[in-house]
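S.K.: Sequence:
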Amino acid sequence: MSKSSFWRRSSAARATALVAVSTLAVGGTLLAASAQAATETNAAAPNAQLYAAPIGFASVSGYGRNGTTGGAGGPTVNVSNYSQLAAAVADDAPRIVRVSGTITNGGGDMLDVGSNKTIIGVGSSATISGFGLDINGWGPDEVAVGGDTCDPAEKDTFTHVSNVIVQNLSFRNAADDSINVQCYSDHVWINFNTFYPANDGSVDIKRGSDLATVSRNRFVGTDKSMLLGHSDNNGAQDRGYLRVTYHHNWFDGSNTRHPRVRFGYAHLFGNHVAVSDYFIGLGVEGKIYADANYVVRAKTITQDFGNASLTWTSNNYYNTATITRANDSGKTMADWLRIDNRVAAPPYSYSAGSAPSSPPAAGAGAPGSETL
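Just so you know, the sequence shown maps onto residues -37 to -1, 1 to 335 in mature numbering (1 follows the signal peptide of the UniProt record, and there is no 0).
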């Protein structure tokens, strides 16, 4: 991730953004100051009565919050260009941000996202192109005092981002990561998105972030798809955090990191895996509980990067004819998987079902992707 991604909004910038979104409100509807202005309404968004709750760690209580609701209870803003989107997500007030068409940013810097936001695409073609979303509370004021990164000693010195939903968007050609969650952000739900190749990762969760769910996304030809923990040397910040659920994602010709796990706890279930290299990266002190995943194509299911632990339940499926490294080695699959079955099941209720032999409904525009 580039250093520019850390240059987030100051308090003054947050206030300016709030004014940009909320001015000229009459009768509950924002009157456009120009043809380019966003529109905001206090009316409930379509299907608002059907607000779905995430499955997995994003549903778990913690940090003074009971689950992940995003912008529920706030007004709805319709955006169709970069300046509108930036203004709508900059502050921490609850808001539902509906994205139409393709939004581009030639500069490529990641866009800062504040707390209590639902960012949801309209229809099947809403696209973020050339940049990514940075869910991260370490801003310019903090950088000026503490440097580019949030260190463990600085955990209680700044406001963390919390309660964000990103849904029904396609991400293309990000200059950095498509979505980055970092610096103790919590309760993040990344749901029903389609990721195409980025310059770096597609969904990276790191630096003490916690309680997230990555569900029903489609990863099309991505390279470094997902990190959970970014460095072998970051245990002081990451131990006890980085709890993430990955379920019913479709890895469609992607390459590596589904995810690669360091220090965190990853629960993977119901994923359809057709990848060109490895499925799960076993990193330093990583803990992985894998349940009902269908691996139809991979060179190997796991790649060993460190002393991780893996529980691999009996209802996972893998096509051994495609696991070429295992076939060549003569070892049993258990040896190649590095199974030790020391990782306990996650602390929430869920139904794993059967491993999905066909791709699940996943990605932007899939059935259910516009339901809030």
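Be careful, since some hints might not be right.
Said to hold, decoys possible - Simulated restraints on C-beta separations:
| # | residue 1 | residue 2 | range |
| --- | --- | --- | --- |
| 1 | A307 | P330 | 25 to 35 Å |
| 2 | G71 | D267 | 43 to 53 Å |
| 3 | D72 | Y26 | 25 to 35 Å |
| 4 | G109 | G71 | 20 to 30 Å |
| 5 | G331 | G30 | 27 to 37 Å |
| 6 | A199 | P103 | 18 to 28 Å |
Said to hold, decoys possible - Straight-line C-alpha distance at most 27 Å; calculated DSSO-like pairs for lysine-lysine:
| # | residue 1 | residue 2 |
| --- | --- | --- |
| 7 | K118 | K250 |
| 8 | K250 | K187 |
| 9 | K262 | K187 |
| 10 | K250 | K262 |
Quick caveat, the hints were computed from the structure, so don't treat them as lab data.
As the structure is a prediction and not an experimental result, all values here were calculated from the model.
Beta carbons are placed, not taken as given, at the ideal position from N, Cα and C, and that holds for glycine.
S.K.: Among the hints numbered above, which are violated by the structure, and what are their numbers in rising order?
M.R.: Violated hints (numbers, rising): 2, 5; every other hint is consistent with the structure.
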